[in-house]
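Novice: Chains as they are written, first to last, in the working numbering: chain E, 1 to 130; chain C, 131 to 592.
If you're looking for bench data, these hints aren't it; they were derived computationally from the structure. Using N, Cα and C, we set each Cβ at its ideal position, and we do this for glycine too.
Short derived list, chain C residues pointing at chain E, Cβ under 7 Å: (1) Leu224; (2) Leu279; (3) Asp282.
Computed Cβ-Cβ distance ranges for the label pairs, DEER-style: (4) E:Arg108 <-> C:Val197: 58 to 64 Å; (5) C:Tyr476 <-> E:Arg50: 51 to 57 Å; (6) E:Arg8 <-> C:Ile456: 53 to 59 Å; (7) E:Pro119 <-> C:Val536: 49 to 55 Å; (8) C:Gly246 <-> E:Asp63: 26 to 32 Å; (9) E:Val115 <-> C:Asp292: 32 to 38 Å; (10) E:Pro89 <-> C:Arg435: 55 to 61 Å; (11) C:Tyr203 <-> E:Gln37: 42 to 48 Å; (12) E:Ser28 <-> C:Ala138: 29 to 35 Å; (13) E:Arg8 <-> C:Gly390: 33 to 39 Å.
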Amino acid sequence: MNYRIPLRTVIGLSGILLLALYSSLQSSTAAVNDPAQIAALQQRLQGVVRDVPRDAMLAYVSDVAPDESTIYGIQYVLAPRFIVKDSRPHRLVLGNFRQPVDYAEFARARGWIVVKEYPQGVVLFEKRPE
Amino acid sequence: MIFLITVAAPVLIGYLLVRALLPTLKPAWVGILLTLSLGAGCGVALLSLLRFLGQITIGAFWISEIVLLCGVYFLRRDDRVQGESRAINAWGWLLGAVLAVAVGMQIVNFSRVSEGMPHGQWDAWAIWNLRAAFLAEPGAAWRGGFSPLLSDFPGNFATHPDYPMLLSEYVARCWALTGSRETAVPIFVAALFSFATVALLVSALTYLRSWTIGAIGGLILLSNATFTLNTSTQYADVPLSFFFLATGVLLLLADADREGPGYAMILAGFMAGCAAWTKNEGLVFAAVVSLALCICVLLGKLPARRLLLFCSGLALPLAVVIYFKIVLAPGSLPVSLSHIGESARYTQILTAFWTEACSMGAGLSHPAAYLALAFLALGVSPRFLQSPLLRVSLGIWITMLAAYFVVYVVTPYDLAWHLGSSLGRVLTQLVPGATLLLLAICGTAEQTSAATPIEPKKRKRN
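Chain E extracted, bound-state conformation:
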């Protein structure tokens, strides 16, 4: 036996088809960029990742106040190493500078030594044994 599809079913299903087509074609997402710039941070810190032991704890120093995005971004990139406050026991200090700085002078003023300078304002310091 043949069956007739009721008008309300035709209207409803046609509406769904049209809406879905419209919605699919409108849904195209433009290219997005990461506001936290994690990939760029990974690039900047790749030397530190290579040189610093995986079980190290590093203090952090910068010429700008540390914001959460930067601190947690660095922690993510350097994990399983820990980025800790200066008050914690640590031997190494990660420097992250935006402006040109005399690293040797910066380290001497704090009783540290420069372990290695990396491109783009990244530098690794070591505390002198007391």
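Chain E is fixed; fit chain C onto it per the hints.
Specialist: Chain C only, in chain E's frame:
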């Protein structure tokens, strides 16, 4: 090659386990899609639990995975066949074609976002993948993932060591096996849960109701901006929505098979437990589902044996979560009861819920519009509305929504910040399951047309 084996293993293990516990479902393609999508999430959860158990005991990760694979391969299958092959009508083909376009667009959008943000959004790298980096370490270094050192710097965005570990542990497993922190792993996991959620919704609705309803379900989910935006963030909300949905699907499958052994209830319990292993909201969900089923047994709507089967599935993941919460990462419950009497908060929360619900779609292309059209076209099926476990599931979803509301009332954090940073995501958790339950009570195109037979034309007499 190692990457492919690493990511294929959970799908295979989960598929074999689900295939053993459910009867063979017809139509065949629906049965395969449903088993595969359930199996994908189930396998990821199993391997995540297995890795965690290995970490707190003897390790031996590879060996335990191979033993598990052999175990599920030799499980005795449920040999029964359920369901029937159904012809797809012209509307079904048209809806299927548009669903294919919508899935294609979602794949393109997912790829674009993942290419631009391979590490995911904030919580992905600040919480879930950060912890995975520690969990992937050999020896005892994995415990660093719960170290208070990770929250050494002040701010709202602590790394939450008390958050459950399904996602982090699974990503860690893949990183440990492949030997590198490839971003492809969390991207793959996000894709797996996103598309498994869509596939599970479509296949479950097709099996339980009809292909027309299944396709409409897929279109509604893919038109939901809140859901689609969260698929590529690498957060735990879409995986959690998968486990919520899977629990609902399995309860309905068990309800549709009242004469059978009811092994779907074991899987339902396991999926509810996996929700608790994914996010704290999942703990609330597991408690609400368990309580609802207990009430059903007390009212005589559900045999006690089925509740026992549910509890047997729930036992392993829940035991692991309790151990984790008590021994490894005890957290505090941030509650400020003094807010309960502040009526302005209720207005603010209701307004935020309404705004968020409105932003699930743009203009006419809103999931509510699809639902309204679906009910206009297909009406309501009284038979399904009377199903006890469907009613219970609707109650569970409403209770979860109410629980989220209460959490915002008593939150000690700045309410505007808390709502703005989380409401969209927590609603995402409920969206696929809510879509399933709402469409499960729809009639079908086949029913509405069957109700209106065409009268044979009378021949004119000459």
